[in-house]
Amino acid sequence: MLKQEEGSRAVAEAVALCRPEVICAYPISPQTHIVEHLSDLVRTHDLDPCEYVSVESEFAAMSVAIGASAAGARAYTATASQGLLYMAEALYNASGLGLPIVMTVANRAIGAPINIWNDHSDTMSQRDSGWVQLYAETNQEALDLHIQAYRLAEEISLPVMVCMDGFILTHAYERVDVPTQEQVDAFLPAYEPRQVLDPAEPVTIGAMVGPEAFFEVKYLAHAKQMQALDVISEVAADFAAAFRRESGGLLRPYRADGAETIVVALGSVLGTIEETIDELRDEGVSIGALGIKTFRPFPLDEVREALADAKRVIVLEKALAVGIGGIVSANVRMALSGVQLHGYTVIAGLGGRAITQQSLRRLFKDGVADKLKPLTFLDMDWELVERELERMRSGPSGPHEQNMLRDIGVVAAGSH
Amino acid sequence: MFQLRIHGRGGQGVVTAAELVSIAAFVEGRHAQAFPSFGSERSGAPVVSFCRIDDREIRVREPISEPDALIIQDPTLLHQVDVFGGLSDDGYILINSSRSLQELGLGELSERFRSERMLAVPATDLAREYLGRPLPNAVLLGGFAALTGLISIDSVAAAIRQKFPGPVGERNVVAARKAFEHVRAERGEPARA
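Heads up: the protein sequence lines correspond to chains A and B, in order. Oh and the first sequence: position 184 is 184 in our numbering, straight run, nothing missing. Oh and the second sequence: position 188 is 188 in our numbering, straight run, nothing missing.
Just chain A, same shape as in the assembly:
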């Protein structure tokens, strides 16, 4: 059914259609609307049977999800930013135990300084936690990915993180097609756990393993993610056949066939990138895009194949690996080992800095002319940076963010 509604609500409806039996969450912006709506659906028995557990922290949220999943229940939680960091220890346990938990992350920056706006720092920090990571471009895709995520998680016995841009998607009203319960039931069979904690027949899970086998157990996690590459494609193809629309999968190229320049990105910024590419294509520029839908496992072979014929690649990412630069671009470069092409890393949109068509247009034109620096920061206010660096050189200068905000305030007010 076509609806005009908020992304958070669309995701909550999709999760409810997956019939989770335990939902546990701790509210944090911009995830809050999702779990609020789910708690409503449980209260009104529109989602039944399901237990909604209000927990005291994100660490508890993931721990309850682990317990519920290990006891054979389909479990769901959602978080963002510092909340994801706070559950980090439990994330590794969930994946190490092979529990098919599905979690939404409403992508948001990480402090300090405090910032509630969107970027990908949170999920990128947990890219090696053993969770599958899927990134949504639109609210329709976010909705669809949750349905695919349960099927995928339960088929491969691994937890899945559905990453959607906080505010940009979660708080946007747009058209979504919400499937019926019958459609989702036909696509997603009832959960049959691979292992169940049962007091009547006690077993131990996650027991101590020494040097004699830890290595091999860990390798299995890697092997499972490698197998997941095939399953993700199959699930996306099945989804397309059942719901008559394309969502998810490993990659999505856009006008990339024969393109000399290919822009690689993930998440909602792909929409703005595609609009910009259409403009440049009309002007005769040979440029396309490659959307990464699955970041973990990373589709090395597919990325290599998609980029092999290009002359240059511009990786635009919403996270900064302090001390080196790009995260996505490092992965892309791994896929391209042995392939000769110009590669640029562009860090953009940190802490909610808008990524505009105007800036992208300038960026891509500079890229096509090979005028970009290997590591480029889109729309960085270098003057602001330089002033603070100067203060640092002249002695103890106090907290950066306070100094820099004061600088901007003076500029914005137009006074001296």
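Quick list of the computed label-pair ranges, beta carbon to beta carbon:
(1) A/Gly409 to B/Glu111: 30 to 36 Å
(2) A/Gly206 to B/Val81: 51 to 57 Å
(3) A/Glu386 to B/Ala185: 55 to 61 Å
(4) A/Glu260 to B/Gly107: 52 to 58 Å
(5) B/Pro165 to A/Val55: 28 to 34 Å
(6) B/Ser152 to A/Glu36: 28 to 34 Å
(7) A/Glu260 to B/Arg187: 49 to 55 Å
(8) A/Asp301 to B/Gly149: 51 to 57 Å
(9) A/Gly409 to B/Glu186: 40 to 46 Å
Residues on chain B that point at chain A, a partial pick, calculated with CB under 8 Å:
(10) Ile23
(11) His31
(12) Ala32
(13) Phe35
(14) Val60
(15) Arg61
Keep in mind the hints are simulated off the structure, nothing from the lab. C-beta: ideal position from N, C-alpha, C; glycine also.
Put chain B on the given structure of chain A with help from the hints.
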């Protein structure tokens, strides 16, 4: 693509107004995207929301810097925020005020923009009268429908009823229709369209 930017203050339903416009456009079978200026909003603070309307899927996700129309829910913002920034020469301006644009000191705007596309509507007064509360957001959308013809007043009513089923919605529909008629009368057009 048509781009609308709404300025108001926290508590005036600025975000809800953009969402309602998007629902009204959806009711008419069009694509629409509404979103707030993201931030830690609080009562009384300046708030901005956005709505794009098009006949095809809307992919761009940046905030609207060059709007085709402005709704200004609180005229005190005129002296605090650059509300007219980026507005196209053919743009529409709808201001919530019981005073005229001249009285608001906005006479010179008619040199920059088309005067037949600028109007003040006493939305807070209408809201007080018909809702019993000074909430101008849904009321202004009646004025917006009349001023721009972009969405019909019936679609605005459908959007209000969808988001606020029951008496609250019905009262807002009545007030929005009053604003619609007010604008029609102001412009010397028949009140029924």
